Structures are given as C-alpha cells and as structure tokens.
Amino acid sequence: MTHLVQAITLGLLIGGVYALMASGLTLIFGVMRIINIAQGAFLVLVAMLTWWLWHETGIDPILASVVTTPLMFGFGWVVYRLMISRIRGSSASMSVLLTFGFALVIEGVLNVVAGNKFRSATPSYFEESFRVGEISLPKAQVFGFLAAMAVLGALYFVLTRTWTGRAIRAATQNPSGAALVGVGATGTAALAFAIGSATTGVGGSILSVLYPFFPASHYDWISRLLGIVVLGGMGSLPGALAGAAILGLAETLTATYGSLGWSTLVFYVVIMAVLLIRPQGLFGAKLREDAV
Amino acid sequence: MTASSPGQSEILAESAPRVTRRRGRGWRTAAVAVVAVCAATALSACGQRPSEIAKSDTGKPIVVGISLPLTGDFAQPGTEAKRGYEVWRDMVNAKGGILGRQVQLKITDDASNQDTVVADYTKLITQDKVDLLLGTFSSLLNYPASAVAEKNGMVFVEPAGGAPKMFERGFKYLFFAQPATAPHQADVFIDWIKSLPEADRPKTAAYPSQDDPFAHPVVESMQKQLEALGVQTVYSSLYPADTTNFQSVASTLASKKPDLIAQGAVFEDGVGLVRALKQLDYSPKILFQTSAPSNAGQYSDGIGPANTEGVFYTVSWNEKASTPLNAEFVAGYKKAYSADPAEDAADAFAAAQVLQAAAEKVGSIDQDKIRDWLHANTVDTILGPLSWEATGEPKGRFLLAQWQSGKVEVVGPADVATTKNVVNPKPGWK
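Here the protein sequences come in this chain order: A and B.
Using my numbering, the letters of the first sequence map in sequence onto residues 1 to 292.
Using my numbering, the letters of the second sequence map in sequence onto residues 1 to 430.
The following block holds chain A by itself, in its conformation from the complex (with noise of 0.2 Å):
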C-alpha cells in the first residue's frame, strides 16, 4: 500500500513538471499551428542559464525564473518576428523543419558557448525529502511541482479571464471569425509564441535542479512533450495537464510493479489506445478542417 502511493505521488509530482513543459507547446501548436520542435532546445537553453546564474551568484535555481521567464518571454517574440512569421501560411512541416533547425542551432552554440559536459544545479536540497509518514517527497520535485503549477494557474487565468488571454483563445478556436472582430492575427500569434516561450523560463529552471542535462538532452525532452501533447490533444491546456500525469504515473507505477524497461513502452501504448478511439486526443477539440 505505501508502495503505490508513494508511486503515485511521485508520478503525480513529476506529472505536473512535465505539464508545465508541456503547456507551451500546446498553446503555440493551439494559436499558430506549429509545432516547436525547438521548444526541448529552449528548455536546455534556459536550464543552463539557470546553471550559469546558480553557479555564478548562488541565487535559487527556482527562483532563477523571475529573470529567465522575462527573458524567455522576450526571446520568444524576437523569434516569432524574425523566423516564425516568414512561414505563416505555409504547411505545419515547414514549421517542423524550420524549428528543428533551430534546436540543432541552438544546441551548437550551446556546444561551443557552455561546453558539451553534463550539468545539474544543486542548491542544498536538492537531494533532501519531505517525510509525511511512510511517504518521502523529494524537496526539489515538490518545489518544482509547486512551481509548475503556479505557473499553469496564472497561465489559465491570463487564458480565461483576460481580454489578452480570449484573444488567443479565439484565433484558436477559429481564426478567420477573430481576424473578423478584429484579433490581429499576427500580435496574437506573437504574444502566444512569447508566452509558451516564456513557461520554459520555470520548466527549464526546474529542469536544472531536477536532472543532469548537456546540450544534446532536448532530444529526450522534446520526445516526451510531443507525446503528452498528443495524448491530452493538441492545442489543449488541461489536455497537456492530463497527458502529463498520465505519463508521470505510467513511469512511476510501471517502474515500481513491472519493470523500467516497460514504463516507456507503457506510456506509448496508452497513447495508441486514445488514438484509436479518440484520435483528437483525450481533450482535442475537433476542428472542421480536421472532418474534411
């Protein structure tokens, strides 16, 4: 018994990580429909920075966030206006390629700039648990997770209850009827592409404290996201929650009652299974365009 919530727990704090890093990637896919395969290379970007910032002055690597989301934010708008904007119209695997090449840029400079070693920030409790009975909660994972969902919480409220946020939802929901009432496609697009930007300013943060990473990790991550995004359905902020859980739990309790070998495989069957009958995702609006 103390097995199984302890496995459940851990999946679900992991989960909410995951969430938060997933969330930009779905809202950009939701407004623009692109898919930011650079989004993993953002996270690895910020996540050094943190490093870098850690190292350099002792502050938090959590904490770090309040100046790499800024930056991230700003990061993100520079790169809609001088990339992404040249490709709008064009088909979603311009955007896979043209993103893809920006990870592959990105990863290089890293390279040459940070150096290809592992790092991992380790302020002092990174390694220390919380102990709630027979239940131990690592610190970092519970200050991650905690921080993931303040993060998703403001993000849903800029997204239901400001002008700002139904803007963006309605060049999502249905473009041409925003352009109409005039959302400006191309701000709103901007806006969105800096905001899921700006939520790897926590993820990558955590991501710091969390795990050894090296240039190179954003191919593991931008793997995983892309399959919680599939999961819960493109475009969806509660789906990428859903999708996140379900990939934290199907890790956590398949390592824990069958074997680590499967817990991948786990998560990848269960996405075939709600593709098979639901192919939009668990909560994937179905477009029109998507019936034709």
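Hints in this document: simulated from the structure, not taken from any laboratory.
Nothing false has been slipped in among the hints.
Below, in silico cross-link-like pairs of lysine to aspartate or glutamate (EDC-like), each with a Cα-Cα straight-line distance of 16 Å or less: (1) B/K60 to B/D128; (2) B/K320 to B/E409; (3) A/K117 to B/D301; (4) B/K172 to B/E150; (5) B/K172 to B/D372; (6) B/K165 to B/E393; (7) B/K407 to B/E309; (8) B/K369 to B/E150; (9) A/K139 to B/D281; (10) B/K257 to B/D281; (11) B/K430 to A/E128; (12) A/K117 to B/D340.
If we take Cβ atoms under 10 Å as the criterion, some of the chain A residues that face chain B in the derived model are: (13) Q6; (14) L13; (15) R131; (16) A140; (17) Q141; (18) F214; (19) A255.
Bear in mind the structure is a predicted one, so any value in this text is a computation, not a measurement.
Every residue gets a Cβ at the ideal spot worked out from N, C-alpha and C, and that includes glycine.
Based on the hints, put chain B in the right spot on chain A.
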C-alpha cells in the same frame, strides 16, 4: 567513461541524430558511386591499398584517417578522443615522427551516426587514401566502421568499443586498445570482494542497469560471479536509456536493503539513482557504478562532493598510474587544453600508441605486417601492457578505483594501487 558513450544507448543514438542520417545516406550514396566508377573503369590508384602507394613517397607525412563523433550524442567523449589523438600526434612529431615521417591526422565528424561513420571511413580509405586508420568512439560506431576497415584490409585499432559482439565476427584487422571488454571489467572488483574475510562480504546485492551494450554486460557478469560466491540477488532490473526518474527504483531498493548496489550506469542514470537513494536516505554498504563515477568533476557536481565517498568503479586508465609515457601524456594534455585529461582521451592516446609501436617494430606501414605483429606481441601503453586474442579482444584487466575524500584513488589490483586504504563500508549520505 569508456562506457559512457556506447552507453548513451542504441535508442538514443537511433532517435537523436535522425536528420544527420539523411546526410549520411547521401554520403554513402556518393561513396558507393565513387567505388562503382573505380570498379567500372579499372583505372588509377583507386583500388590500390594505401600501403602500396605509401612505399613510393617516404618523404611525405604519414596520414592517419579517423572519423569521430564530434557532434551529436557522443560529442563529449568524441571530442576527448580527438584531443587524445592530437596530444599523441604532437608528441610523436616532436620526437621526429614515425619511421622518420611526420604524422598528420585527418579527422572527420560522423555526427554520432552509424551511416555517416561508414561513409567517412570508406572515403578516408578509397578517396583520401590515408596511410593508417584509428578507430572511432563507442561500440555503436566502431561496429560498422571496423567492418569497412576489415573489408579494405586496413588495421583498425579502436579506443572505445568493448561490446562482446564486436569480437564475434572473426575479424583479423581489429584491435581493441583497452585492457578488457565489458564482461571482464568487473573482474577486479570481484577479486577485491574475494579478498575480504567471508564475514565481511556482502550478503545481498541489487543490480539495476541501463540497457546498454557497455554497462549491462559488466553488472550481468558481476551478478553471475557474485552468485557463485553465495551473494544473494535481491533485485535486478534493466531500464532504457531515456529513463530519468529513479525514485521508484530507489524506493524498491530501500525496501529490499541490499548490502551491495551494483549499477550499470552510464552517467545521468548514475547521478539520478544516487540522488534518489539520498532522498530516501538509503545508503548501501557498498556502491559500485560502472562508468558514471569516472566523469570526475561532473559526477561530484551532480551528486555533491561529500556523497562520492566510497563509491567504486572500474576504469581503464588513471592519471596517477606509473605506466610509460603517462606523465608526459598528462602534461601534454594539460598544456594543450588547460584541463585535466579524461579517460576517453587516454584511451585514444593508447590506441595511437599501439599503432605507432607496431609500425615502428615492423619498419613499415604494411597493414598485414602490422596486423601480424600485433597478434604476436604485447604493447606497452599508458593503460598498461596490451595484448590481444585472435579476435581483437584484449587480454588485460581494468583498474578498481574508489572515490576517497573527493579524489579518485586506485585500490586494485594491488601492484598498481595508489593507496592501500579502502573505504569499506561506505559512509552514509552527507
């Protein structure tokens, strides 16, 4: 660290550089086309073996062709290997070269990709007509690359590719320039366990391992040998390379309380498991990890310097070892790169030493003579003496290393140990 890279596993290597694969195919197509043209026209020196050409131009430098993973998953060890080769080149050239000829390296980047490495070596042999070859990094890449060399009758001394399947093909030109292959790397650790009084030996053991051609055979063979000694196995599992969360494994381990945890760890997984064990506050009496702890600075940064105390691993090379030329190698490396040399660089250096020794002994770069000489003789390298079975499998033994007070000491075998003191049992986490 030797292990670290093949380590990154086939899954990773398969998935990551997918884009480069396309380029790889292109290269290969080009190479195949070139070969086809040569065959068709039966012209020129295209089909000549490098050694045949080399005889005529003794004044020219000896060109050594190498393809290395300088980008992609194995970029880190690949870059270290490049440094090892370059330190060797500079040392050899400063002493007048090989057979009176200066040495030139021709290094290409295979992007950690199997297709590209094949194209690279094909091009080095058939187009660039290099005089000698040296191997690339990881079993994953050396496996296909050595087949190209074998087909072309070129000696292939490789610094890092100890997976057992490398030596199951009956190759005659392949030589692995490390003291032992994966299944024999832990032998020196077993010897240490055997040296303990019966009562002090571990009673129970757990063997988590990454599904990796280099890490897994080490703990698999250790498990067999320890079971024969009567150590009870309480846990054994295999996890894929992309596993990042080790809390579940750690909590299972904590509940089984093994005396010994022996992990087939590449790098991230080694750090991940230690962190998770620390979070659960379970510290085994003996902790052995295959290659993660050999990444000196990165390992101690990852788990915290205090937590390294007492961790065992086996390794092919140590900075302090009193092997011939080792001090010169360390000094040369530090001077060139203002950093401490990594094991991967030392392995590459040793591979080059092997080739150099053979060429100098036979007095030419005739590939068949070099091959025959290597099969019959022992070469002194910075890793210690190396000799080979007919399959290219080495016959030596690894060093048993242990983290002590934030530094790495060699604790076995006794004749090369840097200290007599062994930390046992491992203290609890700090």
